[in-house]
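S.K.: As a plain string of letters, each chain reads:
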Amino acid sequence: MAKERRSVESLSDLWRAGAEQAHREVEDDGVEQQRSKQAGRDDEMTIRFVLFVNKQGQTRLAQYYEHLSLDERRALEGEIVRKCLARTDQQCSFVEHRNYKVVYRRYASLFFLVGVDNDENELAILEFIHLLVETMDRHFGNVCELDIMFHLEKVHFMLEEMVMNGCIVETSKQNILAPIQLMEKTS
Amino acid sequence: MASTPAAPAVAPSLVDTLFQRSLNDLVKSLRADPSAAGEAVAVARALSEIHREIRAPDAATKSVALQKLTYLSSLHFAPVGTHLLAFPAIELLASPHLPHKRLAYLAASLSLHPASLSLLPLATHQLHKDLSPSSAGAAHQQHLSALALQLLASPAAAAAPDLPVHLAHDLVPHLARGSPRAIAAAARVIAASPSAAVPVLFKPLAACLASPDPRASTAAAAAFCDLSAPPADATPFLPLAPDLYNLLTTSRSNWALIKVLKVFARLAPLEPRLAARIVDPVCQLLTRSSAMSLTFECIRTVLTALPAHDAAVRLAIGKAKEFVAADDDPNLRYLGLLALGLLGPAYASTVNDCRDAIVKSLGDADTNIRQEALHLIMGMVNENNIMDIAGMLISHVAKSDPEFANDILGAVLAACGHNVYEMVVDFDWYVSLLADMARTLLCAQGDEIGRQLVDVGLRVRDARPELVRSARTLLIDPALLGNHFLFPVLSAAAWVSGEYVDLTKDPVELVEALLQPRTSLLPISVRAVYIHAVFKVITWCFSVYVGRLGDSGMAVDVMFDRLAADQTVGSESNVALVSGEEQDIGASTVRKDPFSHESILYMINLIQTTVGPLINCNEVEVQERALNLIGFVHLVREIQELNKRNVADGDKPSRLEELVKTMQTVFCQELGPVSVNAQMKVATPDGLILNENLVELAGIVSEDDTTPSTSIFFYPCSRHSADTRDELAVSIDSSSLSEHRKRHGLFYLQTGKTEDEPNDYPQANDSLPSSSNNSVNDDKLKTAELVFAGKKSTATKSRPKVVKLDTEDFLSSMMPSANVPKEDPLSGALRDVLLGSDAKALSSQRASDINLEGMLNKTSSNESSSQQIENLGSHPASRSSSRTSKQQNHDKEKGTNPPESDGKEPRKHRSSGRSGHRQGKHKHREKSSTQPDTIPQAPVIQDFLL
Numbered sequence: 001m002a003k004e005r006r007s008v009e010s011l012s013d014l015w016r017a018g019a020e021q022a023h024r025e026v027e028d029d030g031v032e033q034q035r036s037k038q039a040g041r042d043d044e045m046t047i048r049f050v051l052f053v054n055k056q057g058q059t060r061l062a063q064y065y066e067h068l069s070l071d072e073r074r075a076l077e078g079e080i081v082r083k084c085l086a087r088t089d090q091q092c093s094f095v096e097h098r099n100y101k102v103v104y105r106r107y108a109s110l111f112f113l114v115g116v117d118n119d120e121n122e123l124a125i126l127e128f129i130h131l132l133v134e135t136m137d138r139h140f141g142n143v144c145e146l147d148i149m150f151h152l153e154k155v156h157f158m159l160e161e162m163v164m165n166g167c168i169v170e171t172s173k174q175n176i177l178a179p180i181q182l183m184e185k186t187s
Numbered sequence: 001m002a003s004t005p006a007a008p009a010v011a012p013s014l015v016d017t018l019f020q021r022s023l024n025d026l027v028k029s030l031r032a033d034p035s036a037a038g039e040a041v042a043v044a045r046a047l048s049e050i051h052r053e054i055r056a057p058d059a060a061t062k063s064v065a066l067q068k069l070t071y072l073s074s075l076h077f078a079p080v081g082t083h084l085l086a087f088p089a090i091e092l093l094a095s096p097h098l099p100h101k102r103l104a105y106l107a108a109s110l111s112l113h114p115a116s117l118s119l120l121p122l123a124t125h126q127l128h129k130d131l132s133p134s135s136a137g138a139a140h141q142q143h144l145s146a147l148a149l150q151l152l153a154s155p156a157a158a159a160a161p162d163l164p165v166h167l168a169h170d171l172v173p174h175l176a177r178g179s180p181r182a183i184a185a186a187a188r189v190i191a192a193s194p195s196a197a198v199p200v201l202f203k204p205l206a207a208c209l210a211s212p213d214p215r216a217s218t219a220a221a222a223a224f225c226d227l228s229a230p231p232a233d234a235t236p237f238l239p240l241a242p243d244l245y246n247l248l249t250t251s252r253s254n255w256a257l258i259k260v261l262k263v264f265a266r267l268a269p270l271e272p273r274l275a276a277r278i279v280d281p282v283c284q285l286l287t288r289s290s291a292m293s294l295t296f297e298c299i300r301t302v303l304t305a306l307p308a309h310d311a312a313v314r315l316a317i318g319k320a321k322e323f324v325a326a327d328d329d330p331n332l333r334y335l336g337l338l339a340l341g342l343l344g345p346a347y348a349s350t351v352n353d354c355r356d357a358i359v360k361s362l363g364d365a366d367t368n369i370r371q372e373a374l375h376l377i378m379g380m381v382n383e384n385n386i387m388d389i390a391g392m393l394i395s396h397v398a399k400s401d402p403e404f405a406n407d408i409l410g411a412v413l414a415a416c417g418h419n420v421y422e423m424v425v426d427f428d429w430y431v432s433l434l435a436d437m438a439r440t441l442l443c444a445q446g447d448e449i450g451r452q453l454v455d456v457g458l459r460v461r462d463a464r465p466e467l468v469r470s471a472r473t474l475l476i477d478p479a480l481l482g483n484h485f486l487f488p489v490l491s492a493a494a495w496v497s498g499e500y501v502d503l504t505k506d507p508v509e510l511v512e513a514l515l516q517p518r519t520s521l522l523p524i525s526v527r528a529v530y531i532h533a534v535f536k537v538i539t540w541c542f543s544v545y546v547g548r549l550g551d552s553g554m555a556v557d558v559m560f561d562r563l564a565a566d567q568t569v570g571s572e573s574n575v576a577l578v579s580g581e582e583q584d585i586g587a588s589t590v591r592k593d594p595f596s597h598e599s600i601l602y603m604i605n606l607i608q609t610t611v612g613p614l615i616n617c618n619e620v621e622v623q624e625r626a627l628n629l630i631g632f633v634h635l636v637r638e639i640q641e642l643n644k645r646n647v648a649d650g651d652k653p654s655r656l657e658e659l660v661k662t663m664q665t666v667f668c669q670e671l672g673p674v675s676v677n678a679q680m681k682v683a684t685p686d687g688l689i690l691n692e693n694l695v696e697l698a699g700i701v702s703e704d705d706t707t708p709s710t711s712i713f714f715y716p717c718s719r720h721s722a723d724t725r726d727e728l729a730v731s732i733d734s735s736s737l738s739e740h741r742k743r744h745g746l747f748y749l750q751t752g753k754t755e756d757e758p759n760d761y762p763q764a765n766d767s768l769p770s771s772s773n774n775s776v777n778d779d780k781l782k783t784a785e786l787v788f789a790g791k792k793s794t795a796t797k798s799r800p801k802v803v804k805l806d807t808e809d810f811l812s813s814m815m816p817s818a819n820v821p822k823e824d825p826l827s828g829a830l831r832d833v834l835l836g837s838d839a840k841a842l843s844s845q846r847a848s849d850i851n852l853e854g855m856l857n858k859t860s861s862n863e864s865s866s867q868q869i870e871n872l873g874s875h876p877a878s879r880s881s882s883r884t885s886k887q888q889n890h891d892k893e894k895g896t897n898p899p900e901s902d903g904k905e906p907r908k909h910r911s912s913g914r915s916g917h918r919q920g921k922h923k924h925r926e927k928s929s930t931q932p933d934t935i936p937q938a939p940v941i942q943d944f945l946l
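Residue numbers (UniProt numbering), protein chains in the order written: chain W, 1 to 187; chain F, 1 to 946.
These are calculated hints, taken from the structure and not from any lab test.
None of the values given here were measured: they were computed from a predicted structure.
The beta-carbon is built from N, C-alpha and C at its ideal position, and this holds for glycine as well.
Just to be clear, a hint being listed does not mean it is correct.
Unchecked claim - Quick list of in silico lysine-lysine cross-link-like pairs, DSS-like style, CA-CA up to 27 Å: (1) 154(W) - 28(F); (2) 129(F) - 185(W); (3) 360(F) - 83(W); (4) 101(W) - 360(F); (5) 55(W) - 101(W).
Claimed, not checked - Which stretches of chain W does chain F cover? Using the computed rule of at least three CB atoms under 8 Å from a CB of chain F, they are: (6) 58-70; (7) 93-101; (8) 116-128; (9) 154-164.
Assemble the whole structure, with the sequences as input and the hints as a guide.
M.R.: So, in structure tokens, the structure goes:
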């Protein structure tokens, strides 16, 4: 009974949040316009998104470097994952999708997908994926899907260290892991 | 539980705080029930908890709630960027506890959303504080500022232009320190609000390029690579060239080198001296580097930005070839092909050198690689190698999976058909290639193949014999009739063999093929074409037969007696029985001479037995064609019977001759292509409201538009002009045009001037700037050569004439799905409205002449839609007035506005000619034969221009 009531409450809360948001969007029309004016600038980042997806197609991590709504994200992931999962090891690691080029690599049961601009260097992105996996491996010790699920925010921290504004800024494993270790020490 | 669903402002109870579930618990609960429903329940529960917990005054509870919410929203369980997530995140930014702060920054960078921008001012101060130096330890401070920079560089912050502007000054010390994050953040800030940020940040950022710290210089290179990316103008970054060059020659970081190369690839086209300067270092990198990513970047830079440096390009091509040949790595093969695709036409021969490797890639396991290889191969096609390449590709089709096989076929068709077959020199080869393509297994390109078969027939006179041969092989194969992809091809083949029946070697065999039992598998539209083709064949056979009897000096009477005698036997006794008998004879004797008495009889009987039952067909198209054909056959027999009864009547024999001649003239006009845009260039005449008519005609239009060859337009021009064609080819003179006009008296109205105005037409020709309407026309050839310089040699010499309309028209017709179908309903409707009643009137007029009356009336009464046309056209006066006004316009425009008059007439004929699926097509022809003034007199050439 209590459970049911709780879910009713949460739904109403959610609805209220949604309504609030819609309201705000109307208010912020001007800002929205400004943003859309800058939409062209969004195009210049090199990495558009990083996705970890397991073999079943479930998203394990999603980091976007451009703004997409929830529905857009879901649709994009669905399409890309379908495309990539269908490919075999003998096929190349690059898939063109809409205006992105998706560079992907499979480690055990996890697919690591990076969406990049068309003129990004595909091989460098493959190296980046490998570096990311190695970094996680060093931190978690023989990283697996569960590690990522239970320590998602740490993986996010690592990604943040490595990629800013869609650019790769840090490629030294030690430097990437230093802040996380610092944080673990302080907490 | 103390959870009251009352006011949302109520803070969570102590119980909630004490028994708060951690993120781990949440993940476990999500994993407990992996089904979608179970997950949804777990998410809903978690969200309701979070809603309460996140309002806790206690930072620990709040942070755990935020952590859970971040988790859920980052995996799309909860909507991104809700207000709910943004506010607590900003609250927690101020927490002195580092993990809380870290979490808050993560939540903020994930959640800040245009919708929550109003909250950003709240964060500005905190960011400012975190960015400024504080009393805390250096490492701690650096960490804090890193977090702040991270947020500043997130897409959310860039969406709020105020934030970066306020904080730009705070970035400067961090830039001076050479922090890669500050550099990335600065790039983002500059991109977000250039006017405010550039004066403050650009110089420190540029200084980072020269920084001794490789991390700083790498980050700076990446930042400038970002800022100079295509939508932006790269020119302002030219002054940075020395620093970048320095980096290019000294840096040992592949990441940095890749970015520097990208910037140079954008800068080099702007400054020629720069290209010369960087060639050497780039080539050195290209040869020395062991990193494939860097090698590939060098290749790409050289091929895109340094095309003038031959040695470098050759070096890059060599590397690219190595990539293509990398057997063990599909990534390298793909990138190698991609790199070769970057090469311009200047290096086509070098690409040609590695054709073997590319061809090998056509069989690759990876679709991307195959596509890229196909793309490359199509890129190297020219008129010299197209036969080799097309042949090779077609042989590859059999080995490929269905999808790729059709990609190949589509690519070959597009390449060969490009710009009116400009690359095809040997049309005999091309026609047989088309037939081969149609026969390949899995071919789903029937529409395009059929279209091109007819198109080549219309445009290339020299290709017709081979076309008829190929059509024959397609038609006689009963296996093809079961493949629905090939119906358009078969339709085209049937049309071709009917239209150019005079080139057929064995009409009897053709009739047999067109009437074979399996034709019942064909769709209605195609069957109708088949039956109509039979009509043409039999008409032609008759004319040859009659003509030959006349030649041989045999008296018409005698010939006729013989024929009549046989015919009466045939028609008076049981038809089926006789035809069976005749077929026996046919098998043995008919083949020897297709125009002998026996073979004619055999064909007539075959037609009666196979087409006869179709008179009762439910489909008007088929029924109508069948009726026409059977009616003709009956007429022939009827005359003979008459003759038999009154042998004394002297003019009966000539009736047969007359009939045959009439029918012969019906089909004697040659069809030519007409500009697709012709109709568009014609102004709508006064008094004609298109939409109004279209609404009424909606039903007819939809029914009408089932022609298989939608993009082919017919324009009749009389075949007897063919003899003089060559002379006409040289001089397109005004007299033929005036003749055209004379013949089109019906379409022309009296203007103030005389009807024959020789000067009008040449003007129209001359002032069509882009048109090369007739390659036969010398002038036009010249313009065509100007446009397609380089094709000159082959186009003028051995290549047969290809009737070509102006280029733009052709381009649009090359995109059949884009232009043509859209336009078709309109033209169909116009045709019906404008010509329906004319065809009607004329045909009946003619029918009274030659006794076809009964048959035609039957035909038209059977056809409901033609009745409809009649009804619509029941105001001949008003309609003719609209037409005449149109003609008036036309006449006026001719002098002043030639492009508009271009194609007007042809279009009209096209529409009349295209009425083939209705009875209009042959009626129109009948009409033109009996009414000389309506014949579009048509020395092939200038008609296309009109």
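S.K.: Report the numbers of all earlier hints that the structure fails to satisfy, in ascending order.
M.R.: none
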